[in-house]
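Counting from 97, one number per residue, gives the positions in the sequence shown under the numbering used here.
Each hint should be verified, as a subset may be incorrect.
As the list claims (entries may be wrong) - Listed next, the in silico PhoX-like pairs over lysine-lysine satisfying Cα-Cα at most 20 Å (straight line):
no.	residue 1	residue 2
1	300	171
2	335	112
3	350	112
4	362	300
What the hints assert, rightly or not - Using C-beta positions, here's what the derived DEER-type ranges look like:
no.	residue 1	residue 2	range
5	160	389	28 to 38 Å
6	132	97	35 to 45 Å
7	127	201	48 to 58 Å
8	156	184	41 to 51 Å
9	291	132	19 to 29 Å
Note that these hints are calculated values from the structure, not bench results.
The beta-carbon is built from N, C-alpha and C at its ideal position, and this holds for glycine as well.
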Amino acid sequence: MTEYEYLPFSGWRLTKDGQQITINNIAIFKEGLTDEQLVTIGAALKDYLLSLEEENAGLPELSEEELNRRFEDWKSRSRIMDVPQSYDTGAVYKYMSDTALSHWLAGRAQISPVSVYRQMENAFARDEQEGLGAFYLHDGRTAAYFAAGAGVNCGVMCFTGASPSENRAEMKGKFGERLVRFPDTHALLQVIARHLDVVDYELKDVQYSDVKVYSHETAIASEIADLIIGKDDGNLDPKGLVTLFDKHSEELLKLAELPSVFCKPKSFEGEAERRAVFRFRHAVNSSIVVTDKRIAELIEVIE
């Protein structure tokens, strides 16, 4: 059964079997939108949310010229994303400090909630929109555009799929001088997952776009419009949201996760991040440390 909670200035939080999504905004369209229109809507939502944060933080208000320039810059660095590839085999790399390496060699691995990357002290790794994104569902007749916060049930580990010959100096400057290789990523994630009560886990490439929007064709688009819009006044019907999530929570969570968890701003593109995601049936509010001597056996120290 879906639990429903309205959060002022945030949206509608829906929880089912411990899994959660926050719908910030919904728009229903009778015709499909172009990629350019989708990016423009996403940029407008990003501008609105960021302006609220800046106002609450007491930052000086930007001029209209500055706002327009920021808006157009976002659009120029954005695209509609495809479903990122999943990996079952292969090697990944990770740059880190001496301290972090000592933990890995002691058989300790840390999984973090996506929200931790919003406030990281390391500005190179900090993404203020981590866990936020938009997804556009359409079926040829009706379309629904959701702005949502997702991935709260996810714990993540960050690697890079780039070989050591790519961006080596840049990556060391960002994350640390030590470089390690994990030759069998599948075995590593399997060892870690055995210590966790997870629904599933996978490894995907992160995609890069300042505006985080994913487009997907699905038969439920028209059903969404019928369920969530009040019949009399055209307003959103909370009961319809609950019914929608009761019926389609698995699909909606996976769709919202794509832009929220597997997309970062264009400025991060050189990292070629390959992200391991562990999905739980509860919110992940703090980092989790797994200790197993086999973890240390699955590491090759390059530098």
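The hints, checked one at a time:
no., hint, verdict
1, 300 to 171, "violated, 25 Å"
2, 335 to 112, "holds, 14 Å"
3, 350 to 112, "holds, 14 Å"
4, 362 to 300, "holds, 17 Å"
5, 160 to 389: 28 to 38 Å, "violated, 60 Å"
6, 132 to 97: 35 to 45 Å, "holds, 40 Å"
7, 127 to 201: 48 to 58 Å, "holds, 57 Å"
8, 156 to 184: 41 to 51 Å, "holds, 50 Å"
9, 291 to 132: 19 to 29 Å, "violated, 46 Å"
Hint compliance for this structure: hints 1, 5 and 9 are not met, and every other hint is.
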